[in-house]
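Undergrad: Starting from the structure of chain A, add chain B where the hints point.
Protein chains in written order, with our numbering: chain A, 1 to 174; chain B, 175 to 440.
No lab work stands behind these hints, which were simulated from the structure alone. Computed from a predicted model, the values in this text were never measured in an experiment. Every residue, glycine too, gets a C-beta built ideally from N, C-alpha and C. Hints are supplied without guarantee of correctness; some may be wrong.
Rough simulated footprint, nothing fancy, chain B against chain A, three-plus residues with beta-carbon under 8 Å [claimed, not checked]:
1. 60–71
2. 142–156
3. 162–172
Label-pair restraints from in silico Cβ distances [stated by the list, open to error]:
4. L393/B with A74/A: 20 to 28 Å
5. G135/A with S234/B: 15 to 23 Å
6. K425/B with G35/A: 32 to 40 Å
Computed footprint of chain A on chain B; a stretch qualifies when at least three of its residues, placed anywhere within it, have a C-beta under 8 Å from a C-beta of chain A [claimed, not checked]:
7. 194–208
8. 226–234
9. 238–247
10. 375–382
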Amino acid sequence: MQAVRDGDLTRLGVLFERHHRPLFDFLYRMTGDRGAAEDLVQDVFVRMLRYRSTYRDDGRFETWMFRIARNARADHFRKQGAAVYVPEDGMDWASEAPGPAHLFERARDMARLKRALETLREDRRELIVLVRYQGMTHEQVGAILGIDSGTVKVRFHRAIKELRDAFARVAEGE
Amino acid sequence: MQCDDLGPRMLDYLAGTLPDDELTAIRAHLSQCEACRRELDATAELWGELGAVTAPRPESARMRARFDAALQGYIDGQQAPVARAATRATAWRLQPWMQLSGAAAVLVLGVALGRFAAQPPVTSPEIVELRQELRDTRQMVTLSLLTQQSASERLKGVNSSSQIEQPGSELVSALVDTLRRDPNVNVRLATVDALRRFGGREVVRRNVVEALPQQESPLVQIALIDFLLEAQGPEAATVLRRLAGDMMLDKAVRERAARGLQQVGL
Chain A
1 MQAVRDGDLT
11 RLGVLFERHH
21 RPLFDFLYRM
31 TGDRGAAEDL
41 VQDVFVRMLR
51 YRSTYRDDGR
61 FETWMFRIAR
71 NARADHFRKQ
81 GAAVYVPEDG
91 MDWASEAPGP
101 AHLFERARDM
111 ARLKRALETL
121 REDRRELIVL
131 VRYQGMTHEQ
141 VGAILGIDSG
151 TVKVRFHRAI
161 KELRDAFARV
171 AEGE
Chain B
175 MQCDDLGPRM
185 LDYLAGTLPD
195 DELTAIRAHL
205 SQCEACRREL
215 DATAELWGEL
225 GAVTAPRPES
235 ARMRARFDAA
245 LQGYIDGQQA
255 PVARAATRAT
265 AWRLQPWMQL
275 SGAAAVLVLG
285 VALGRFAAQP
295 PVTSPEIVEL
305 RQELRDTRQM
315 VTLSLLTQQS
325 ASERLKGVNS
335 SSQIEQPGSE
345 LVSALVDTLR
355 RDPNVNVRLA
365 TVDALRRFGG
375 REVVRRNVVE
385 ALPQQESPLV
395 QIALIDFLLE
405 AQGPEAATVL
415 RRLAGDMMLD
425 KAVRERAARG
435 LQQVGL
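Extracted from the complex, chain A is given alone in its bound form (with noise of 0.2 Å):
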């Protein structure tokens, strides 16, 4: 990012090729909706392009790059005129085929799974998502939300225990 910010602007190609997955997995969780995760992580890259002369060597590049995607994600929810998740078509599951009960079984828990993280508040399933299926450290997570890593691992463990009252309600509601 550094070279990119000192004028070389092709290399965000590389950066694009690298991070636009990682990207895109964190949008899509958090907006449900792939079309909007393809736009966000757009326009993501643009808002580097943009803003690359406040890039600073000190940080990682990755909390640079999620704090942007956060304030693009928070932008485009302003716009829709609410923030609200709104799932597509659902995001994918171990198995939705008929078969021996213990997959049955598991098809199901998933989508409730699946339905729990849906109904849990946008902050806290942001925080699952960047542990969870961003594989980040407390310390990095609390670098990307501005707040400290004890914070972080008191909201954290909120959301996990909001999450499995969630997946009982649910289970219990069908």
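TA: Structure of chain B alone, referenced to chain A:
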């Protein structure tokens, strides 16, 4: 170690990333507290199941093409608003009244520009500004047309793109996208024509080369061959040689590629 202390450390414990002293303290607590053991097991199970919730893979090639077009536009010095291309297009698609407003704006701007143009030729900043606005509005209308359900509307969009002087990277990107994805052969053929004036851009040529194997219509394949010949890019010979020898392709396509090879002197 109390029960409340365990929660925030649970995942670090499961991940094995805790320092030794905390690990020892948690183990000691777990050996005496069945409730925490149950919670730990439940969390571990949930953590594992979350891993099965996968997201789709992105369409990397298409995304990269859009990105390259936007980047190229930026580098070319066309610092038009390259951001929000798709979101703007979506907004237009969702709100037909915006299209009507856009059309009305084009009309008003056109009349205003005509009045200015009828006056003695002076280089007025107003004229420059009006021209810019007219171009931007036309471009937005065109982008909107390209996203319509009706093939004839999309065709109009492709054709109107040719009337825009110095189009922004958004439009070039949208045309490339149309070439790769539009289900209608006529729209794709018109798009090849519309892209001809951008044949000098490496990123456009690369997209045309990548789009070739995706095309099932011999008509479009031949049009793309003509595009590459006209653009005279360095990749033309390699692509044509491959096409000429591809027995899966229509005979007319292979023959056109072979003739093209002769044209480029190979």
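Undergrad: In ascending order, which of the hints set out earlier in this document are inconsistent with the structure?
TA: Violated hints (numbers, rising): 1, 4, 7 and 10; every other hint is consistent with the structure.
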